[in-house]
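Protein chains in written order, with our numbering: chain A, 360 to 626; chain B, 360 to 626.
Do not take every clue at face value.
Below, a list of computed lysine to aspartate or glutamate pairs in the EDC-like style, where the Cα atoms sit at most 16 Å apart [as the list claims (entries may be wrong)]:
| no. | chain 1 | residue 1 | chain 2 | residue 2 |
| --- | --- | --- | --- | --- |
| 1 | B | 566 | A | 597 |
| 2 | A | 566 | B | 613 |
| 3 | A | 435 | A | 481 |
Just so you know, the hints here were simulated from the structure itself, not pulled from any lab data.
Number of protein chains: 2
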Amino acid sequence: MNDVIKDEVIVKNMAGVKNKFMVFSGKGGVGKTTVAVNLAYRIMAKGYKVGLLDIDIHGPNVIKIMGLEKEKLISKNNKIEPIKAFSNMSVISTASILENEDNPVIWRGPLKMKLIRQFLSDVNWGSIDYMIIDSPPGTGDEPLSIAQLMPGLNGGIIVTTPQSIATMDAKKSIRFAQQLKIPFIGVIENMSGFICPHCGERIDIFKTGGGQRIALEMNVEFLGRIPYDNLLMSLSDEGKIYLKDYKNGTAVSEAFNYISNKIIGLG
Amino acid sequence: MNDVIKDEVIVKNMAGVKNKFMVFSGKGGVGKTTVAVNLAYRIMAKGYKVGLLDIDIHGPNVIKIMGLEKEKLISKNNKIEPIKAFSNMSVISTASILENEDNPVIWRGPLKMKLIRQFLSDVNWGSIDYMIIDSPPGTGDEPLSIAQLMPGLNGGIIVTTPQSIATMDAKKSIRFAQQLKIPFIGVIENMSGFICPHCGERIDIFKTGGGQRIALEMNVEFLGRIPYDNLLMSLSDEGKIYLKDYKNGTAVSEAFNYISNKIIGLG
Numbered sequence: 360m361n362d363v364i365k366d367e368v369i370v371k372n373m374a375g376v377k378n379k380f381m382v383f384s385g386k387g388g389v390g391k392t393t394v395a396v397n398l399a400y401r402i403m404a405k406g407y408k409v410g411l412l413d414i415d416i417h418g419p420n421v422i423k424i425m426g427l428e429k430e431k432l433i434s435k436n437n438k439i440e441p442i443k444a445f446s447n448m449s450v451i452s453t454a455s456i457l458e459n460e461d462n463p464v465i466w467r468g469p470l471k472m473k474l475i476r477q478f479l480s481d482v483n484w485g486s487i488d489y490m491i492i493d494s495p496p497g498t499g500d501e502p503l504s505i506a507q508l509m510p511g512l513n514g515g516i517i518v519t520t521p522q523s524i525a526t527m528d529a530k531k532s533i534r535f536a537q538q539l540k541i542p543f544i545g546v547i548e549n550m551s552g553f554i555c556p557h558c559g560e561r562i563d564i565f566k567t568g569g570g571q572r573i574a575l576e577m578n579v580e581f582l583g584r585i586p587y588d589n590l591l592m593s594l595s596d597e598g599k600i601y602l603k604d605y606k607n608g609t610a611v612s613e614a615f616n617y618i619s620n621k622i623i624g625l626g
Numbered sequence: 360m361n362d363v364i365k366d367e368v369i370v371k372n373m374a375g376v377k378n379k380f381m382v383f384s385g386k387g388g389v390g391k392t393t394v395a396v397n398l399a400y401r402i403m404a405k406g407y408k409v410g411l412l413d414i415d416i417h418g419p420n421v422i423k424i425m426g427l428e429k430e431k432l433i434s435k436n437n438k439i440e441p442i443k444a445f446s447n448m449s450v451i452s453t454a455s456i457l458e459n460e461d462n463p464v465i466w467r468g469p470l471k472m473k474l475i476r477q478f479l480s481d482v483n484w485g486s487i488d489y490m491i492i493d494s495p496p497g498t499g500d501e502p503l504s505i506a507q508l509m510p511g512l513n514g515g516i517i518v519t520t521p522q523s524i525a526t527m528d529a530k531k532s533i534r535f536a537q538q539l540k541i542p543f544i545g546v547i548e549n550m551s552g553f554i555c556p557h558c559g560e561r562i563d564i565f566k567t568g569g570g571q572r573i574a575l576e577m578n579v580e581f582l583g584r585i586p587y588d589n590l591l592m593s594l595s596d597e598g599k600i601y602l603k604d605y606k607n608g609t610a611v612s613e614a615f616n617y618i619s620n621k622i623i624g625l626g
């Protein structure tokens with residue numbers, strides 16, 4: 360395990376990044392990436408410099424959700440320059456270094472760790488107030504590598520939908536974070552309480568309250584509930600950031616406002 | 360790579376298993392496990408002996424969806440006995456060998472392969488007509504291990520929802536299967552065309568047609584479309600198999616009937 364000890368090159372390269380939060384989930388399809396991207400955007404909109412690091416090697420969707428598929432990474436002075444999605448937001452994703460978006464990355468665990476190490480040692484992150492790391496679902500090599508390699512990781516933010524299978528998997532993610540001694544652990548409940556856009560009736564797809572329930576049960580912080588909104592999902596699918604168009608006044612924007620204030624307060 | 364060559368112990372142990380199909384997906388949350396369990400059930404209901412192998416190490420939900428959480432694995436004559444979910448259905452899941460359902464499995468790639476190898480070499484599968492393997496989302500160690508270790512894998516069945524982010528990831532899974540030379544590759548479109556149970560209006564959450572479109576584009580078989588039904592999801596969440604209660608006459612049961620006939624025809 361010698362090579363997983365936080366090394367000096369990484370510590371030096373990440374010295375300008377003040378706060379680091381990893382967003383992960385037990386189950387896929389809970390809207391984790393959409394939450395991570397909108398959270399990063401909202402923190403930036405509050406006046407902070409933000410970094411967004413996508414370590415989902417098999418399904419790197421940050422780039423797609425942000426409409427940045429055409430941006431290529433460039434290298435300067437032996438460092439990789441992150442994509443400037445906005446003047447105060449730097450983004451790095453495995454998708455940017457893959458040539459064809461349809462190509463699967465067929466890599467066994469040890470290779471994944473090497474790539475993640477490179478993101479921490481060879482990217483010119485510069486000065487960042489809050490870095491959000493979007494991890495693939497589950498408790499596999501990618502979040503494990505971040506927990507082991509990232510100097511001064513502040514916290515793990517676990518995204519779950521409210522139904523029982525998702526919360527069961529989210530509990531595993533909480534225990535994972537606890538076992539790895541990640542200092543702060545919080546839960547976000549996404550897709551809470553779905554309302555039919557035609558008739559306004561509530562559709563009990565995912566139920567509600569499951570995220571809060573497990574946060575209480577596992578003694579971690581409940582960061583808040585993001586209501587189900589078809590628009591949040593469909594804009595993501597089109598490569599648009601919801602909060603860019605709907606800054607305030609919607610249930611979704613208020614939820615992100617509440618949650619981002621909590622996260623900023625942890626920094 | 361010598362140790363990943365299909366070994367004699369596995370070939371001998373799997374000799375009674377005639378057909379093997381791996382169900383996987385590019386993205387999580389597309390209903391893959393619910394599809395795998397109901398597909399296995401429908402094939403069994405048509406008179407075949409079925410095996411269901413859950414290789415999702417970080418989120419093994421087959422057991423939960425089938426309400427088998429309390430079943431413990433036993434060993435007989437140095438072999439592991441699978442759970443008899445029904446007289447003609449044998450089930451093995453990583454969940455059965457984990458003591459606490461909340462505990463995360465924090466394993467790097469090489470350990471996963473060892474466990475999967477054990478499922479193929481040390482489980483007393485006996486005589487099975489169709490084995491369905493439920494894989495975690497993505498193109499990681501688990502589906503890679505099956506593709507490399509399983510003697511005579513017939514095909515890969517890729518489950519996707521219709522929206523663009525899911526189909527983009529599904530295309531990666533198709534290329535993965537093609538690169539690994541899995542003989543048959545088919546696509547199932549799940550959660551197609553959501554209808555509000557209150558007003559009957561269609562809600563464009565996931566859109567429709569995306570699965571068929573990519574199957575055509577990538578020159579693989581389109582196996583069929585499973586319409587969105589709240590009940591399919593909520594019964595799974597309660598540990599009940601939809602097709603056990605709704606054998607015929609619903610849009611969902613007809614879809615499974617159609618798809619299972621196609622898969623049986625490939626055997």
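| query | Are the Cα atoms of residue 566 (chain A) and residue 613 (chain B) separated by 16 Å or less? | reply | 27 Å, violated
| request: Assess, step by step, whether the Cα of residue 435 (chain A) is no farther than 16 Å from the Cα of residue 481 (chain A), and give holds or violated. | output: 11 Å, holds
| request: Take the C-alpha atoms of residue 566 (chain B) and residue 597 (chain A), compute the straight-line distance between them, and say whether it is at most 16 Å. | output: 13 Å, holds
Of the numbered hints listed earlier, the single one contradicted by the structure is hint 2.
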